[in-house]
Amino acid sequence: MSTTIAPVTQPSRVVMAAADTIDVAGRNLRNLWRTPQAMVFATVQPVIFVLLFRFAFGGAIHVPGVSYVNYLMPGIFAQAVTFGAIGTAVGLSADLKSGLLTRFRTLPMARIAVLGGRTLADLARNVVVVTVMTGVGFAVGFRVHHGAAGLLAALGLVTVFAYALSWSFVALGLRVSDPEAAQAAGVPVMFLLVFTSDAFVPLRSMPGWLQVIGAHQPVTALVNAARSLTLGGPARSDVIASLAWTTGMLLVFAALAARTYRHMGR
Amino acid sequence: MTSPAISVARLRKCYGDVVALDGVGFEVVEGSVLGLLGPNGSGKTTAVSILSTALRADSGQASVCGFDVRTQGAAVRRVIGFAGQFAAVDANLTGRENLALIGRLSRLPRVVARDRASELLDSFGLTPAADRLVRTYSGGMRRRLDVAAALVHRPPVLFLDEPTTGLDPDSRFALWETIRQLVGSGTTVLLTTQYLEEADALAGQVVILESGRVVDVGTPAELKARIGAVVFRLGFADDIAAVQAEHVLAAAGFSPERDAGAIRVSSANGSGALVCVLRALEGVAPDPASVRVDEPTLDDVFLALTGHVTTPDEQPAEARLGAA
Chain A
1 MSTTIAPVTQ
11 PSRVVMAAAD
21 TIDVAGRNLR
31 NLWRTPQAMV
41 FATVQPVIFV
51 LLFRFAFGGA
61 IHVPGVSYVN
71 YLMPGIFAQA
81 VTFGAIGTAV
91 GLSADLKSGL
101 LTRFRTLPMA
111 RIAVLGGRTL
121 ADLARNVVVV
131 TVMTGVGFAV
141 GFRVHHGAAG
151 LLAALGLVTV
161 FAYALSWSFV
171 ALGLRVSDPE
181 AAQAAGVPVM
191 FLLVFTSDAF
201 VPLRSMPGWL
211 QVIGAHQPVT
221 ALVNAARSLT
231 LGGPARSDVI
241 ASLAWTTGML
251 LVFAALAART
261 YRHMGR
Chain B
1 MTSPAISVAR
11 LRKCYGDVVA
21 LDGVGFEVVE
31 GSVLGLLGPN
41 GSGKTTAVSI
51 LSTALRADSG
61 QASVCGFDVR
71 TQGAAVRRVI
81 GFAGQFAAVD
91 ANLTGRENLA
101 LIGRLSRLPR
111 VVARDRASEL
121 LDSFGLTPAA
131 DRLVRTYSGG
141 MRRRLDVAAA
151 LVHRPPVLFL
161 DEPTTGLDPD
171 SRFALWETIR
181 QLVGSGTTVL
191 LTTQYLEEAD
201 ALAGQVVILE
211 SGRVVDVGTP
221 AELKARIGAV
231 VFRLGFADDI
241 AAVQAEHVLA
251 AAGFSPERDA
261 GAIRVSSANG
271 SGALVCVLRA
281 LEGVAPDPAS
291 VRVDEPTLDD
301 VFLALTGHVT
311 TPDEQPAEAR
321 LGAA
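First to last, the sequence lines map onto chains A and B. With this note's numbering as the guide, the letters of the first sequence map in order to residues 1 to 266. With this note's numbering as the guide, the letters of the second sequence map in order to residues 1 to 324.
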């Protein structure tokens with residue numbers, strides 16, 4: 001057959017998949033940057049939450065033995081990245097609806113890059129969000145007791161947790177047909193995760209049955225670990241618990257998302 | 001020697017209880033245009049989606065440039081370009097960024113992708129809008145960008161799923177011209193359309209789909225000839241002359257239908273029968289003042305084959321990716 005095949009550069013598959021992932025991530029970040037409401041949602045809203053809980057609600061919440069702002073900040077990091085994960089599902093289902101994912105499926109690119117690029121962009125976004133919030137936190141009185149290393153470790157835990165969580169929202173976004181449905185399905189999950197955890201108030205203040213739920217979920221594990229790393233005290237077991245949740249979520253949801261994407265055309 | 005660039009046999013696909021494709025088969029010769037013609041829900045989009053590896057068939061065979069779409073998907077994706085029914089471009093990127101991204105993801109080196117983007121923007125008349133965000137584009141501009149995106153890596157086989165649906169006539173004709181040029185340079189095109197005129201204008205072969213089945217195959221001319229009737233319209237100076245001619249033609253074995261001073265005669269034997277009609281009249285009836293020959297349109301073909309005409313305004317009923 002006298003067809004001319006398109007020029008193909010042939011490095012290894014892994015290198016090509018990585019390059020595709022970076023290209024898709026770049027596209028998603030540009031998209032975020034150019035969608036003002038998404039930018040506001042990603043950056044301004046977390047800052048408003050910090051200020052609200054620090055000044056509006058904080059006065060009414062007493063946590064024994066610790067100033068509320070120091071108690072709050074690890075919780076609000078977890079809240080911000082969890083709320084932000086909705087954007088993953090919404091963005092992906094929008095691409096599904098617009099037909100862009102169909103186009104990507106017909107390109108000679110690495111298929112996993114569509115999902116990998118989405119979560120990589122969200123990782124970058126979360127690094128920015130967490131950095132901005134840390135600055136705002138320090139400005140309103142947040143102080144750490146394990147030094148910069150403790151703080152960086154806490155922020156690292158928050159970021160890897162966010163990465164795992166965004167894979168779960170990829171799995172969600174691929175299963176709903178439009179952005180509104182993604183939002184409707186994601187918001188309750190996100191609220192339940194955040195507000196049954198001890199992100200804002202101690203579990204002890206909740207009824208017994210809710211304490212049981214709150215004590216056995218990933219946001220609580222994350223917040224506890226981040227608190228141990230910033231407030232002081234033994235951190236090891238909390239960090240291990242949080243990393244276990246994160247690893248488990250990542251493995252389960254990345255596999256689920258990849259499987260859903262692979263089976264989408266069947 | 002021409003081998004089929006696209007080959008499809010006994011293709012089946014169901015969405016739950018809905019049978020989208022029910023044993024479809026056809027071949028597209030390299031360097032030709034095949035028009036897949038049918039109303040909404042007839043299975044056109046499903047067929048193209050399977051061939052472009054976006055969708056997987058339940059059973060049957062399909063290959064593109066000799067590569068099996070099921071087992072050699074990656075190879076198929078290197079030789080195809082795909083432009084769907086919905087302009088699948090990123091509204092928050094510029095036209096140039098869209099094409100460069102598609103180029104990169106089609107494995108073109110960065111510099112090549114950038115040059116190719118400029119080249120395509122130019123040939124699709126999008127250079128003035130190249131650095132504007134696509135969300136500011138008109139529907140026609142988006143569609144042109146979408147087709148341009150399908151051409152970035154110079155694929156030898158092109159799938160166009162209703163490429164001109166919703167376009168204004170000018171954009172439509174411009175796109176037809178582009179498609180003709182591509183075919184002229186050797187590209188194989190599989191085009192779905194519900195515009196009969198479009199299949200007639202572009203396609204060498206037409207496959208008519210109805211409810212997931214092939215109901216007829218042929219060149220536009222063959223299809224029209226098959227259901228036959230060329231219509232002759234004879235105009236006479238007055239009603240009296242027409243009545244006279246009507247009697248003569250009826251006596252000669254034709255089936256004339258008269259409406260005032262005009263007579264309509266249909267012929268199953270093509271337009272050559274006009275000579276017989278005129279010869280029958282010669283010397284025994286007044287000569288007609290005017291003669292018109294109406295060839296059947298593909299609309300007539302469609303009506304004859306499926307019992308209804310296409311209605312382009314219906315909402316697409318075909319299941320899309322992820323909807324199943």
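No lab work stands behind these hints: they were computed from the structure. Among these hints, one or two may not hold up.
Claimed, not checked - Incomplete in silico selection of chain A near chain B, CB under 8 Å:
#: 1; residue: A17
#: 2; residue: D20
#: 3; residue: R34
#: 4; residue: L51
#: 5; residue: S98
#: 6; residue: T102
#: 7; residue: R105
#: 8; residue: T106
#: 9; residue: L107
#: 10; residue: R143
#: 11; residue: R236
#: 12; residue: S237
#: 13; residue: V239
Unchecked claim - Not everything, but these chain A residues come out facing chain B in the computed CB check (under 8 Å):
#: 14; residue: N31
#: 15; residue: G99
#: 16; residue: R103
#: 17; residue: M109
#: 18; residue: P188
#: 19; residue: R204
#: 20; residue: S205
#: 21; residue: D238
#: 22; residue: R259
What the hints assert, rightly or not - Covered stretches of chain B, as calculated for chain A (at least 3 residues, CB under 8 Å):
#: 23; stretch: 86-98
#: 24; stretch: 105-112
Where is the CB? At the ideal position from N, CA and C, for every residue including glycine.
Hint validation: D238/A versus chain B, beta carbon distance must be below 8 Å. Holds or violated?
40 Å, violated
Identify whether the interface hint at R143/A stands, where standing means a beta carbon of chain B within less than 8 Å of its own.
It is violated, given that the least Cβ distance between R143/A and chain B is near 40 Å, above 8 Å.
Interface hint compliance - R105/A to chain B, C-beta minimum distance less than 8 Å:
This hint holds: R105/A lies near chain B, its Cβ roughly 4 Å from the closest one there, short of 8 Å.
Hint status (Cβ of V239/A to nearest Cβ of chain B, threshold 8 Å):
It is violated, given that the least Cβ distance between V239/A and chain B is near 38 Å, above 8 Å.
Should the hint that L51/A touches chain B count as held when the rule is a Cβ pair under 8 Å?
This hint is violated: L51/A lies away from chain B, its Cβ roughly 30 Å from the closest one there, beyond 8 Å.
A closest beta-carbon separation below 8 Å is what the hint needs, so does S205/A meet it against chain B?
43 Å, violated
M109/A was flagged as interface toward chain B. Is the shortest Cβ-Cβ separation under 8 Å?
Because about 4 Å separates M109/A from the closest Cβ in chain B, which is inside the 8 Å limit, the hint holds.
When the nearest CB of chain B is found for N31/A, is that gap smaller than 8 Å?
Hint on N31/A: holds, closest Cβ of chain B at ~4 Å, below 8 Å.
Tell me if the interface restraint on G99/A is satisfied: Cβ within less than 8 Å of some Cβ in chain B.
Hint on G99/A: holds, closest Cβ of chain B at ~4 Å, below 8 Å.
Using the nearest Cβ pair, does P188/A come within less than 8 Å of chain B?
Violated, about 22 Å.
Holds or violated: the hint that S98/A contacts chain B, with Cβ atoms closer than 8 Å.
At 6 Å from the nearest chain B Cβ, S98/A passes the 8 Å test, so the hint holds.
Hint status (Cβ of D20/A to nearest Cβ of chain B, threshold 8 Å):
6 Å, holds
Consistency with the previously given hints fails for numbers 1, 4, 10, 11, 12, 13, 18, 19, 20, 21, 22, ordered from lowest to highest.
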